[in-house]
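From first to last, the protein sequence lines stand for chains A and B. 816 is the number that our numbering gives the last residue of the first sequence; the numbers go up by one with no jumps. 1388 is the number that our numbering gives the last residue of the second sequence; the numbers go up by one with no jumps.
Simulated from the structure, these hints should not be mistaken for lab results. Mixed in with the good hints, there may be bad ones.
[Unchecked claim] Chain B regions said to be covered by chain A (calculated; three or more residues, Cβ under 8 Å):
hint: 1; region: 1033 to 1044
hint: 2; region: 1049 to 1061
hint: 3; region: 1095 to 1109
Heads up, the beta-carbon is just placed ideally off N, CA and C, and yes, glycines get one too.
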Amino acid sequence: MIKAKSGKSPEDNNMKEKEELKKSIEDNVNLFKRIFQGDDTVTVRYFANQEQGKIKFCIIYIDGMVDVETANRNIIQPIVQSTFPKNFEGNMDVILEQVVLSNHAEKICNVDELVMRIIRGESVLLMDKSDEALVICTKGWKSRSINEPENEKAQRGSREGFVEPILVNLSMIRRKLATPNLKIKNMVLGKESKTNVCVCYLENIVNKQILNELFDRLNNINNDSILASGYISELIEDSPYSLFDKIGSTEKPDVAAAQLLEGRIVVVVDGTPTVLTVPFLFEEYFKAQDDYYINFYYSTISRILRLISFIITIIAPAFYVAIMTFHQEMIPSPLLYSLSAAREGVPFPTIVETIGLLFVFEILREAGLRIPIQVGQALSILGALVLGSAAVEARIVSAPVIITVSLSGLTGLMTIKIKGPVITLRFVMVLLASFLGLYGLVFGIMGIVLHLCSLRSFGVPYLLAFTSLKTEDIKDTVMRPPIWFIKKRPAFISGKNKVRMSEKDK
Amino acid sequence: MKKLYVLINVFILMLLATACWNYREVEQLTIVAGFAIDKTFDGKYLLTFEIVDLHEAKGEGKVKSVLVESEGETLMNAIRNSIGKNFPKLYFGHTTVIIICQEVAQEGVLKVIDFMVRDAEPRLNLNLFVSMDTKAGDILKTKVLTSEIVSEELTNILDEQKNLAKALPIPVHKFIHALVEEGISGIMNSVCIEVNNEEKIAKLCGTAVFKEDKFQGFIDEEETYALSFILDEVKGGIIVVDVGSGPEEEKISLEILKSSTKIEPVYEDNKLSIKVSIDTKVVIAENGSKKNYTDKEGREELIKLAEEQLKKKIESIIEKIQKEFGADIFGFGNKFYKELPKVWKEKRNEWNEIFKDLEVTIETNIKIEHTSLLSEPIKMGD
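Construct all of the structure, not just a fragment, from the sequences and the given hints.
Below, the structure written as structure tokens:
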């Protein structure tokens, strides 16, 4: 019964929202009360001017969404205490222009719009005998302070990270790029959540085709809610079944600014400290913004390490299985002796050992992800001591498998952004290697490369930075060239404006 | 749907089109480090396998080896017969050494070679040895000085000796090459037992000479040294020059830095001959005399002596091979075949006779690069 009722009531509300406001303040207040029926946080307060007490005022807002101080000082106090002009007679314009103290106030009569404003944390001021309402910005809810994001630690770059309120995030981007070319387009997505989403780009650099494509895809979103930017990323991604991300994400304004400067588009979603960047290319998994802030030799070495780590983390367990079970002749003799001596007495086949340990490693990692720090210590003791050395001593697993899996896990930490695909691919590779040896492993690698080659992100080839023939596309991939070498932006991503540094500026 | 069909086909092909694959755990292998081939008195093959014993090691410490003997009418048969002895199948992927006894070598080593090339496991870079004056199996029973496995030890010694030009690197594929190619005969390293500190140890002792696949005889280490100059296998080592005049023995050691040999076949007046020119760069490593060889005259004198003595050694080994064995282990015939093919076509059938009286001129060029850290001999100041 109750369900049926609640299912019906939004439709009723929709019918009424099309109405305009009435002249009577009582009718209007009752209208809002009906709309917000069952929501006890909606507050209605009547008051009047000390001199012309006949004209009733009423303020409607949601408790907790508004800053009480602001509402008291800027709305109630001026209306109650100020002296109204004698020919006032319920003129809303006078209130707007001469009484209310707010930089952001406007006249609205559409009920639908008013309800929306109340939900967003603004206060609606109603006046007796007026069919217009005043919407005054009193937004003021508590939000987290700006912290350094845990996932993107900087060595020398800026330490600030995005927070949840969209306006704070936009201001952080704006402070990095003080140019009128920075455009911010607002849209509201999600039928129920009505989430604010802002698309930011530099008008003079952005590739218009990519921009139009992005707007098309965003406009097609028909979901009921956008709770985090991940929703959007999944809803507008190319090849949605692929393991790899085609949309980037960052928690740092300086990274977002750098992306904008390369002609990429940044999508900021209200309530998410992670902004999206499009297009996203494979190389970005191995880049860090810090690379550009420290010595370029060192950055280049780091990038090479990350690339090698990515390869190792995917194929190390598979390679071990293949070598140990199919290609014993490839192991140097002394190593074979020690490997088979280590396997002596272990009851399980190599493949079971490897998959089992990989599984345990993933469990440990997943468990460690969301537990409090105090429990973390217990976890590492359990993982390292109990599962590691004790298992080897009890001859349940052999030491080389532990070494291989740890190596794989450790190198996986080097490229934390590509974690998702890596975990899956690691298992796939091990399985391939377990029934086809190196032959299967090679097939797996070929499969990955072919798949990567076939991907596109908003029309830009996913492996552009590895396969392009243009120097400006590839030079900033494995190497981190000195900043004075990066004179042009990647041609595919940015539009016509490619020159970053003109000869004069050098 | 069509895509799915293609994908399924690709996977089936992946499974079926694999050539040589099988899943086996390492502990199911019995790793053979080396084996020896002997003949029993009733004409069967007696194989002695040196097996790496991993049960003792248990992850730490040294690995030891165990010997297993097995008989059979053929090699494969003998190997299969070993399976009855309560251990997993023998694995030859890590075999480094095969020792053949003199008797089997005299009968012909083709059977051994055939098995190794035909079977998938043995590598073609393993080393072949002929045991000298002893059963091949006894070599594997000797005491090992540095490592725990005789086969490993033999390989290590061989690697060391190769750098001193006292043994030649002759993996199976080289021997096969010599068997198959025209105008070249094969050689193998030979190994014998020596008593050191009252314990029997294995020792390399020169080279075994083959004609076709049949063993002909041994040459000793000094002769192997001279042989390696002709075969252009010198990578280091020492040339000892006797500079003593009269009763006093004065010797100088020249350390070889680099050496290269060119063999030129000559056909003149319907007569075949060979020109060998050897260029060697050396340093004076030890001066056993009081004379100073650093000035120009001294150097020239030393070089002259060294060249003459080296030439003499090489000439004598060539003569010995020609007269005693008649096996063209130098590959002179092969040079004619490659560089003067028309001549070779005519003379091929008479080559065995021609080789015995083949005229070989040897030219040695030694160049002294430097005199190490000392320039002049140490002067004694009473």
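Status of each hint after checking the structure:
1. Coverage of a stretch by a chain is defined here by at least three residues with a beta carbon nearer than 8 Å to that chain's beta carbons; for the region 1033 to 1044 of chain B and chain A the count is 4, and the condition holds.
2. By the rule of at least three residues with a Cβ nearer than 8 Å to a Cβ of chain A, the coverage given for the region 1049 to 1061 of chain B holds, with 3 such residues.
3. Residues of the region 1095 to 1109 of chain B lying with their CB closer than 8 Å to a CB of chain A number 4, which satisfies the three-residue condition for coverage.
Checked against the numbered hints given earlier, this structure breaks none of them.
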